[in-house]
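> In case you want the letters, here they are:
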Amino acid sequence: MSVLSHIFEAAGLVTVGISIVRGQAETARPPRMLHCEFPLGRPLGKPDDAEFQRRVLTAMLELTSRDDVPVLVDFPEVIEEEGDAPAACPLPPRIDSDLHPALDELNGLRGAYDRNVSAVGRTLLGRVAGPDELGGLIEQLIRIDEENATLADLGWDAMHAISVGQDLRAYYEEAGMQLATNTGARQLLTWFYESTQTGNLLRRVRDKLKETGEDQMASTYLIPGTQS
Amino acid sequence: MIRKGVSEIPAPEFEVAVTTLTKPLSECKVAIVTTAGLRHNGDVKLWFDETFTVLPNDARDLQLSHFSPNFDRAGLTQDLNVAYPADRLDEMAADGTIGGVATNHLSFMGAQIGDFSTITHDTGPAAAQMLIDDGVDVVIFTPV
Chain X
2 MSVLSHIFEA AGLVTVGISI VRGQAETARP PRMLHCEFPL GRPLGKPDDA EFQRRVLTAM
62 LELTSRDDVP VLVDFPEVIE EEGDAPAACP LPPRIDSDLH PALDELNGLR GAYDRNVSAV
122 GRTLLGRVAG PDELGGLIEQ LIRIDEENAT LADLGWDAMH AISVGQDLRA YYEEAGMQLA
182 TNTGARQLLT WFYESTQTGN LLRRVRDKLK ETGEDQMAST YLIPGTQS
Chain P
875 MIRKGVSEIP APEFEVAVTT LTKPLSECKV AIVTTAGLRH NGDVKLWFDE TFTVLPNDAR
935 DLQLSHFSPN FDRAGLTQDL NVAYPADRLD EMAADGTIGG VATNHLSFMG AQIGDFSTIT
995 HDTGPAAAQM LIDDGVDVVI FTPV
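Going line by line, the protein sequences match chains X and P. Quick note: the first sequence, position 162, residue 163 per the working numbering, numbers continuous. Quick note: the second sequence, position 63, residue 937 per the working numbering, numbers continuous.
Just so you know, these hints were derived from the structure itself, not from any lab. Heads up, a few of these hints could be off.
Unchecked claim - A partial selection of chain P residues facing chain X, derived with a Cβ cut-off under 8 Å:
no., residue
1, Phe888
2, Ala957
3, Gly988
4, Gln1003
5, Met1004
6, Val1018
Stated by the list, open to error - Covered, in the sense of this in silico footprint (three residues per stretch, anywhere, with C-beta under 8 Å from a C-beta of chain X), are these stretches of chain P:
no., segment
7, 897 to 910
8, 919 to 929
9, 938 to 950
10, 964 to 973
11, 991 to 999
12, 1009 to 1015
Stated by the list, open to error - Cut-off 16 Å, straight-line C-alpha distance, at most; resulting in silico cross-link-like pairs (EDC-like, lysine to aspartate or glutamate):
no., chain 1, residue 1, chain 2, residue 2
13, P, Lys903, X, Glu63
14, X, Lys211, X, Asp105
15, P, Lys919, X, Glu63
A virtual CB, placed ideally from N, CA and C, is assigned to each residue, including glycine.
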């Protein structure tokens, strides 16, 4: 983003950006930056809080009058990340003991996922699968976990594997939005990777990919680096 | 941990250019350039290069195509404006805070690691020119 700021400003546009990693803004020295100590992924701070978002935008736009660049100003309000406390999200009971627990769990969350799509009007799911195809993807991940299959055995490259991980995460997080009482920054993420069968399956697959060294990109980006 | 890693990524050096605002904000057209890797029209494939895509101002059927799993996504699912404040800009244009909103906003993929030669010499200048041709005065950059 800092590189783009320099290019756009040099082209004749007045630019101002949000910094969420202060050290990066200090190093790259873009013309005007408002540093917002907010969780990664929420640069305007708070979802569904138009007044707060507008305060951030107003602070940004005020910087456009400055030509003593580079300018790096701190937004006065701080929002802490809450990922250490997972979302309080109930998991469905075991319904079909013949199914792998991850598949049973996936099926049990379908109602909540569908309710969220209706409530929000959109979904981040769909990179490589819709909700009806996710079970097939989990079956492939189980092959890696239990049969030591490789990505090549599945016919997957790194981007496909990462996309599978993102689709599964989207399904669970969106179901969780209907079930949890707390959905602060990273709380659904922590719940997914630490509490659910599918999140833990993805973690084990990431560990397998690391062990075999088959694909560094896939093992790096399959799940967040914060998940040990 | 993620912030520390990002802050240690080397940044290319640029001479800090400055363009001076020559009119009040209430007369300025404003565009968003996001590095959240947003796309629309059902294009949801992950993205890992220095190209950009155009987001019409009235489009809200946007998809997140960023490759990185290292940031919160639930907030964006709940409310696009938490990273892409198109609704807020429309409101600010309606109440006269800004002069208007760009016809199109632009989306790049953030967290790039490389020499940025394509962005510097090709896609970056082309994107800037696209906004200038639309009469844009002010660009706000939003990361994710």
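> Decide, hint by hint, whether the structure agrees.
So, going through the hints one by one against the coordinates:
1. For phenylalanine 888 (chain P), the interface hint holds, since its Cβ comes within 8 Å of a Cβ in chain X; the closest pair sits about 4 Å apart.
2. Given hint, alanine 957 (chain P) at the interface with chain X, holds; its Cβ is 5 Å from that chain's nearest Cβ, closer than 8 Å.
3. At its closest, the beta carbon of glycine 988 (chain P) sits 10 Å from a beta carbon of chain X; the interface hint therefore is violated under the 8 Å criterion.
4. The interface hint given for glutamine 1003 (chain P) is met, as the beta carbon of that residue sits about 7 Å from the closest beta carbon of chain X, less than 8 Å.
5. At its closest, the beta carbon of methionine 1004 (chain P) sits 10 Å from a beta carbon of chain X; the interface hint therefore is violated under the 8 Å criterion.
6. Because the beta carbon of valine 1018 (chain P) sits about 6 Å from the nearest beta carbon in chain X, less than 8 Å, this interface hint is met.
7. Three residues within the 8 Å Cβ limit are the bar, and the segment 897 to 910 of chain P against chain X gives 5, so the coverage statement holds.
8. Remark: the segment 919 to 929 of chain P is confirmed as covered by chain X, as 3 of its residues place a Cβ nearer than 8 Å to a Cβ of that chain, reaching the required three.
9. Taking a C-beta to C-beta cut-off of 8 Å, the segment 938 to 950 of chain P contributes 12 residues in contact with chain X, enough for the three needed, and the coverage statement holds.
10. Residue count for the segment 964 to 973 of chain P with a Cβ under 8 Å from a Cβ of chain X: 4. That meets the three needed, and the coverage hint holds.
11. Coverage of the segment 991 to 999 of chain P by chain X holds in this model, with 4 residues showing a Cβ closer than 8 Å to a Cβ of that chain against a need of three.
12. Only residues whose beta carbon comes within less than 8 Å of a beta carbon in chain X count, and the segment 1009 to 1015 of chain P has 6; three or more means the coverage holds.
13. As the CA atoms of lysine 903 (chain P) and glutamate 63 (chain X) are separated by approximately 15 Å, the hinted pair is consistent with the 16 Å bound.
14. For the hint linking lysine 211 (chain X) to aspartate 105 (chain X), the alpha-carbon distance of about 27 Å lies beyond 16 Å, and the restraint is violated.
15. Taking the CA atoms of lysine 919 (chain P) and glutamate 63 (chain X), the gap is about 36 Å. The hint is violated against a cut of 16 Å.
Violated hints, listed in ascending order, are 3, 5, 14 and 15; each of the other numbered hints is respected by the structure.
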